[in-house]
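Student: Below, each chain spelled out in residue letters.
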Amino acid sequence: MTQWIEVAALDDIPRLGARVIKTRTLDIAVFRTASDQVFALKDECPHRKGPLSQGIVHDNTVTCPLHNWKIDLASGEARAPDHGCTRTYPVKVENGRVYLGTLQQETAAA
Amino acid sequence: MQRERLVLIGNGMAGMRTIEELLKLAPEMYDITVFGAEPHPNYNRIMLSPVLAGEKTIDDIVLNGRDWYGENGIALRTGDPVTRIDRVARKVVTASGAEQPYDRLLIATGSTPFIIPVPGHDKEGVIGFRDIADVETMLTTAKQYRKAVVIGGGLLGLEAANGLMKNGMDVTVVHLLDSLMERQLDKPAAALLKASLEARGLRFLMEAQTAEITGDERARGVRFTDGGTVEADLVVMAVGIRSNIALAQAAGIHCERGILVSDTMQTFDPRVYAVGECVQHRGTCYGLVAPLFEQAKVAANHLAHHGIARYEGSVTSTKLKVTGIDLFSAGAINEGQGDETLVLQDPGAGIYKKLVLRDNRIKGAVMYGDTLDGSWYFQLLREGTDISALRRTILFGQHDLGDAGHGDATRIAALGPEAEICGCNGVCKGEIVDAIVKKGLFTLEEVRAHTKASSSCGSCTGLVESILASTVGEGYSAAPSKKPMCGCTEFSHDEVIAGIREHRLKTMDAVRQFFEWKTADGCASCRPAINYYLMANWPGEYQDDAQSRFINERAHGNIQKDGTFSVVPRMFGGLCTPSDLRAIADACEKYQVPEMKVTGGQRIDLFGVKKEDLPAIWKDLSDAGLVSGHAYGKALRTVKTCAGANWCRFGTQDSTGLGVKLEQMTWGSWMPHKFKLAVSGCPRNCAEATIKDFGVVCVDSGYELHVGGNGGIKVRITDLLCKVETEEQVLEYCAAFIQKYREEARYLERTAPWVERVGLQSIKDAIFDETQRKTLAERFLYSQQFAQIDPWKARAEGADAHEFHKIEIKAA
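Chains as they are written, first to last, in the numbering used here: chain R, 1 to 110; chain S, 1 to 812.
Derived from the structure by calculation, the hints contain no laboratory data.
Keep in mind it's a predicted model, so treat the numbers as computed, not measured.
No residue lacks a Cβ here, since even glycine has one placed at the ideal position from N, Cα and C.
The reader is advised that the hints may include incorrect statements.
Computed spacing ranges between beta-carbons, pair by pair [stated by the list, open to error]:
| no. | chain 1 | residue 1 | chain 2 | residue 2 | range |
| --- | --- | --- | --- | --- | --- |
| 1 | S | Lys-91 | R | Arg-15 | 46 to 56 Å |
| 2 | S | Trp-647 | R | Arg-15 | 33 to 43 Å |
| 3 | S | Glu-797 | R | Asn-95 | 37 to 47 Å |
| 4 | S | Lys-91 | R | Asn-95 | 55 to 65 Å |
| 5 | S | Pro-27 | R | Arg-15 | 29 to 39 Å |
From chain S, some residues computed to sit far from chain R (all C-beta separations above 10 Å) [as the list claims (entries may be wrong)]:
| no. | residue |
| --- | --- |
| 6 | Arg-271 |
| 7 | Ala-546 |
| 8 | Gln-547 |
| 9 | Phe-550 |
| 10 | Leu-575 |
Taking lysine-lysine and the DSSO-like style, the derived pairs with C-alpha atoms no more than 30 Å apart in a straight line are [said to hold, decoys possible]:
| no. | chain 1 | residue 1 | chain 2 | residue 2 |
| --- | --- | --- | --- | --- |
| 11 | S | Lys-806 | R | Lys-70 |
| 12 | S | Lys-561 | S | Lys-661 |
| 13 | S | Lys-806 | R | Lys-49 |
| 14 | S | Lys-561 | R | Lys-42 |
| 15 | R | Lys-22 | S | Lys-806 |
With the hints as extra help, turn the sequences into a complete structure.
Tutor: Next up, the structure:
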């Protein structure tokens, strides 16, 4: 079961930008696209762990600031010819508020 | 929805390249059927010479195996050639009578070797040199017979002759003229080539016109018009090619020497496209692979309904694929009236280089023995660069200006697979070769994408190119004549810059709309560039877009590999006071900065600052009067100075004082790339001003101004711009030079390559003209009003707070 936690207002995240959500165990990057879609990824590039939250957001992609890998925001997959995948997290927007979802068993595992 | 049907006639390099480009753009748009006359899948024709020479196998040169066609849903029909195009019913008909309807047709029928119609030309043992079947014939013949004659001493003829000789045959090359490869080489270079090939065992009959192939069923010899004869069991005719236009002509498509196409690669029937050696574009038929690939890209763009690319013709260059012979030729090789030539001859070392110049611009290049700089000359030729400032050194090559110690390209073929090529990304030669072969890469951009080699600092680009050349042949293709800004557009940097100015485009959206960007938001490559162009062109009007800036410029610090940032306060001219140092020391202790370092530009770097601490540390520094050093930006970095006349017994002028004035005038300005200045107090040049973007060397009688230097990847010594007499002049010339660079250079182009691309003369012309100089300087000073706002102070006071703060939540 997904548990939703309110993390920010949509307007706290710049369009074509990201904010970092710091949990007890890790950093999660929450991205906002030009069309106000919101995505959440572990803030770590599958290549050399670059902070994806610091990258440039374009369409549904973020370009990692360290070595320019392009990561799909919806799937977390690196765009070919690069190979790799970053964890995605459920995220939703309701009434201008952004909610991050965590799975119960993972909370327990962490 | 029913997909459109695309039929390709010709399973060769040009046609299949078009299909590959099309699949990248619109993989789902068409049902594709490919007809190939040869029984093989698509292969790299330009590598037939190495196959003949025994350096490669046929498997090595296959580009797309049969399974590739299947995987991509393409129907491949080999061995049943198309015999008729029915344009009214929009279908093609094959030899066996099969029919295939089309919505769009792509003709890529290539060319055929011209067989001289002398008596006996149809005997067994008389062939051209075009396809795998020809190579197979040559290889079988070489096992049974000894004597071969190659008619034609051009590029293809010599490659065939070399290959046959390597297969143990006794080879004579027959050439109609008195000089080999007369279309690519001048006489001195041709003589060197001939001597070298003779030393390897080839024989030549020059100025010999073939009259007859003698023999019975099979060729036994060649007789010439002067009565002379030579024995031959095999006669290879390599005297030129003819475009295969019969099919198109029979269908009523307008042809001359080739199938006529427009700049969109369309024939007179707009449903019918044509690419490759079968076409004639603006009066020219191309027989080299680089132009074919450019055509393929354009044709694919239109087939995919993007409809914006244009093919405007190609300038070509040539290399001979004979191992151990280095030969390069481009453009006009013989001087016309009013042309000048620069020549370097070292017969002992077997080196010959010639450049043909017109009005100080390269019109042609011929190189033998040392071809390392061929691609540089070719670039200068295509860019039309005024090389007057380089005349005295240009023949010694670009590497004479220094490189990162990689050495010359000729050694690359000898390197083992474990040799490291790209020092930045740790990519070895073996990995690059593997990627090229297995993934069928042809261009530098593709190798960069797949291997990362040459994708960081770029100093190994030459090495990677030569690995490409030795792995796929000349097909690696020199950079295209027009390079699009990025994958989002077909337009180049120069076109976008001009468009922004001419059409007064003032927002990112306006630019993308005007140039019909393929992506909604642009990408990490074009957004920062356009953001810069708008800022440079519309100071005070354009609102800087933080989300289009690379993180360093957005966060006003350099991101380090662990995600922390470094902080470098500005010290004007390198001068500092005890209280400056105390403030820096206090800040370091307060924020537990793990490491401090003095930089090459005479500033102090604080490493390892957490992003969330940045506004606070900036506040402390700002309160002490320190401002951002912009050490993170494509911006004015530092003005490095020496002690100067105030203290130094050799100093001729106040170099530190002038350095401070220069930095006060220029700090905060955004540039196409980073920009460094230096002022030395005397010609001993302790501030190393002659490897800076703008360097001042003080002398007793005034100030020498030097431009376009670089101490980085490729060390480049500055060019002397001029000498001036007063500090006021130094400031004005500096402002004018910077502004010209800001307005003209492409984003991420340092002054060194910019000066080499546009030519020092064009910069001098602008700066020495008093009106131009003064208006350039005025425009720079005007834009500085908006740029000289300390970003640190602003953020210490709360600007962009969201950039620096993480949102903490309690969950795991």
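Student: Hints first: check each against the structure and report whether it holds.
Tutor: A quick look at each hint next to the structure:
no., hint, verdict
1, Lys-91(S) - Arg-15(R): 46 to 56 Å, "holds (51 Å)"
2, Trp-647(S) - Arg-15(R): 33 to 43 Å, "violated (54 Å)"
3, Glu-797(S) - Asn-95(R): 37 to 47 Å, "violated (32 Å)"
4, Lys-91(S) - Asn-95(R): 55 to 65 Å, "holds (59 Å)"
5, Pro-27(S) - Arg-15(R): 29 to 39 Å, "holds (30 Å)"
6, Arg-271, "holds (32 Å)"
7, Ala-546, "violated (7 Å)"
8, Gln-547, "violated (4 Å)"
9, Phe-550, "violated (7 Å)"
10, Leu-575, "holds (33 Å)"
11, Lys-806(S) - Lys-70(R), "holds (23 Å)"
12, Lys-561(S) - Lys-661(S), "violated (35 Å)"
13, Lys-806(S) - Lys-49(R), "holds (18 Å)"
14, Lys-561(S) - Lys-42(R), "holds (17 Å)"
15, Lys-22(R) - Lys-806(S), "holds (6 Å)"
The structure fails to meet hints 2, 3, 7, 8, 9, 12 from the earlier list, while all remaining hints are met.
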